[in-house]
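Chemist: Spelled out, the chains give:
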Amino acid sequence: MTETHSGTAVTASPNRQAIAMQLKDVAVSFNGRTAVRDCTFDVAKNRVTSLIGPSGSGKTTLLRALNRLHDLTSGAKVSGHILLEGTDVYRGDLTVTELRTRVGMVFQRPNPFPTMSIYDNAVSGLRFNGIKKKALLDEAAETSLRAAALWDSVEGRLKVAASNLSGGEQQRLCIARALAMDPEVLLMDEPTSALDPIATLRIEELMTTLKSRVTIIIVTHNMQQAARISDDCAFLLMGEDRAGELIEFDTTEKIFNNPRDPRTLDYTLGRFG
Amino acid sequence: MSDMTEIQEPKEVGNEMRGEIRRISSHSRARRLAVSRMMIALCAIALLVSAVPLVMLLYQLFKQGLPVIDKAFFTTLPSTPSLIAPNATGGVSNAIVGTLALTIYASVMAIPVGILVGIYLAETESKLASSLRVIAQTMAGAPSILMGLFAFSFVVRDLNVGFSAIAGSFALAVLMLPVIVISTEIAVRNVPNTLREAGLALGAKPHVISLRVVLPASASGIVTGTILAVSRAVGETAPVMLVIAGGFTNSWKPFDPVSALPLSIYENAKSEWPSLRAQVWGIALVLVVFIFVLSLSARIWASRKQQVKN
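Here the protein sequences come in this chain order: V and W. Following the working numbering, the numbering of the first sequence begins with 1 at its first residue and continues without gaps. Following the working numbering, the numbering of the second sequence begins with 1 at its first residue and continues without gaps.
Treat the hints with care, since some could be wrong.
Distance windows between CB atoms, simulated [what the hints assert, rightly or not]:
| hint | chain 1 | residue 1 | chain 2 | residue 2 | range |
| --- | --- | --- | --- | --- | --- |
| 1 | V | L201 | W | V108 | 54 to 62 angstroms |
| 2 | W | L116 | V | D196 | 40 to 48 angstroms |
| 3 | V | G156 | W | R304 | 22 to 30 angstroms |
| 4 | W | S297 | V | A18 | 38 to 46 angstroms |
| 5 | W | V52 | V | G156 | 35 to 43 angstroms |
| 6 | W | V289 | V | V96 | 28 to 36 angstroms |
| 7 | V | E155 | W | A129 | 20 to 28 angstroms |
| 8 | V | E155 | W | A142 | 30 to 38 angstroms |
Cut-off 27 angstroms, straight-line C-alpha distance, at most; resulting in silico cross-link-like pairs (DSSO-like, lysine-lysine) [what the hints assert, rightly or not]:
| hint | chain 1 | residue 1 | chain 2 | residue 2 |
| --- | --- | --- | --- | --- |
| 9 | V | K77 | W | K205 |
| 10 | V | K132 | W | K127 |
| 11 | W | K205 | V | K159 |
| 12 | W | K270 | V | K77 |
| 13 | V | K133 | W | K205 |
Just so you know, the hints here were simulated from the structure itself, not pulled from any lab data. Note that CB positions come from ideal geometry on N, CA and C, so glycine has one too.
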């Protein structure tokens, strides 16, 4: 392990729960330019961990390192260690496709496959991974659509194109699509930023019910959202060299009420960002 | 009170400015309106100028083409008029069969290869990909007679296949290939990256994403480009005239000499018999209708795909 930069990354394990993912001195750079660094914290199982911070602080970049989505970007380099259940996801014997079936992702804008029906979208991940048995697919479709609180409104029109759904429904379909793989961790990159307040509320409620079956890591611009739904919170900030870094990681309650770093307080009080 | 005046002052300045803006804009409105009308008139004239030759061409085509078309035109083989029967032109069934055969064989050769290469160009960045792209672009601009020369020297002579439908369709396939490659690449590139990422995030391997996400999402663009390439090839004379030998039978066999509609036009137009020269218009009409049906089906397909997406 390399030594962390002095004066940054005050971290702690805020709870005694089991750990889903561990980040040790994680940094991401593009063509030699560091985008985010000094990220060391543990993601506790069956909790919601939020990544907050102003634009450019590297939240999304960090999140996308967790399921190796930077792999295909030329010039991207991830250093440090990211452990999933103790296995290093970059160096261990976990294949990238296996990692991604265990760590699902929901994106900023709803991105259901436009040429597929609701049903086909829900089971797309299973089909991509070679599962063809109809009974299995049917069951996965219903279970995941129920888990995403979408089943009741789409039960009668599973064969309809996914693009006919509203934005909020499309995003819940994307959540169902990820859940169908039965992942251990679900990464969510500002999943409600393209949605109206009511659709946002429904997704937030959903996250609260989902954490019993999946660990959630969510990037959000919305501090109220982070405060409402997350249990733990990582605060990132852009440093002087324009690289994002972890300022503080703690329970959401501590971050918002009693942070150790004055910059965290300034941000959560809305003094900048 | 002094506070009040301080607040009101900038407001009056604002009003003055607004008045000025309104004065100037109303002053120039008449002029802008005149310019706008003039531009619309110019557009109408340009439209007329470009439409007139097209309408005249279609008028000639139907006026001179329709009278020479009857059932025998489609069903009988050509015959040579004589002094006793100067109007015994026969039909052009061999050319219709030939054109259909050439189109089908050329499509079978060019479409799968073209689509695969197009996907490859869009989805990878390598030296091979960029050189292939340059080749495709150069080929798309090459004169079509070159494809005929190439098919003659390679298929007819070197491979010793002889004058045949397969040689002609090879020439047409080479002609179609770059068009299909380029339009496929554009269609695939237009698929939003968020869809690829969605596939990756579900643990799909890159080739699975290409086949099951990217290809369906770009299908309408690919099909449109392909049908346009086919309809371009159907009307080409130059690439086939050197290699198909203008067969006088209704043969679907790939290794037989065949004829083609554009080639029949060329041959008949050179004839000394007025009856054969008159037949040219009928052949041209059939060809135009065939191409029109092809491109219409491309448009209908594209718009229907669009509706599914919305």
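Chemist: So, for every hint listed, does it hold in this structure?
Modeler: Hint-by-hint comparison with the structure:
no., hint, result
1, V:L201 / W:V108: 54 to 62 angstroms, "holds, 55 angstroms"
2, W:L116 / V:D196: 40 to 48 angstroms, "holds, 43 angstroms"
3, V:G156 / W:R304: 22 to 30 angstroms, "holds, 25 angstroms"
4, W:S297 / V:A18: 38 to 46 angstroms, "violated, 60 angstroms"
5, W:V52 / V:G156: 35 to 43 angstroms, "violated, 56 angstroms"
6, W:V289 / V:V96: 28 to 36 angstroms, "violated, 54 angstroms"
7, V:E155 / W:A129: 20 to 28 angstroms, "violated, 45 angstroms"
8, V:E155 / W:A142: 30 to 38 angstroms, "violated, 57 angstroms"
9, V:K77 / W:K205, "holds, 21 angstroms"
10, V:K132 / W:K127, "violated, 38 angstroms"
11, W:K205 / V:K159, "holds, 25 angstroms"
12, W:K270 / V:K77, "violated, 69 angstroms"
13, V:K133 / W:K205, "holds, 20 angstroms"
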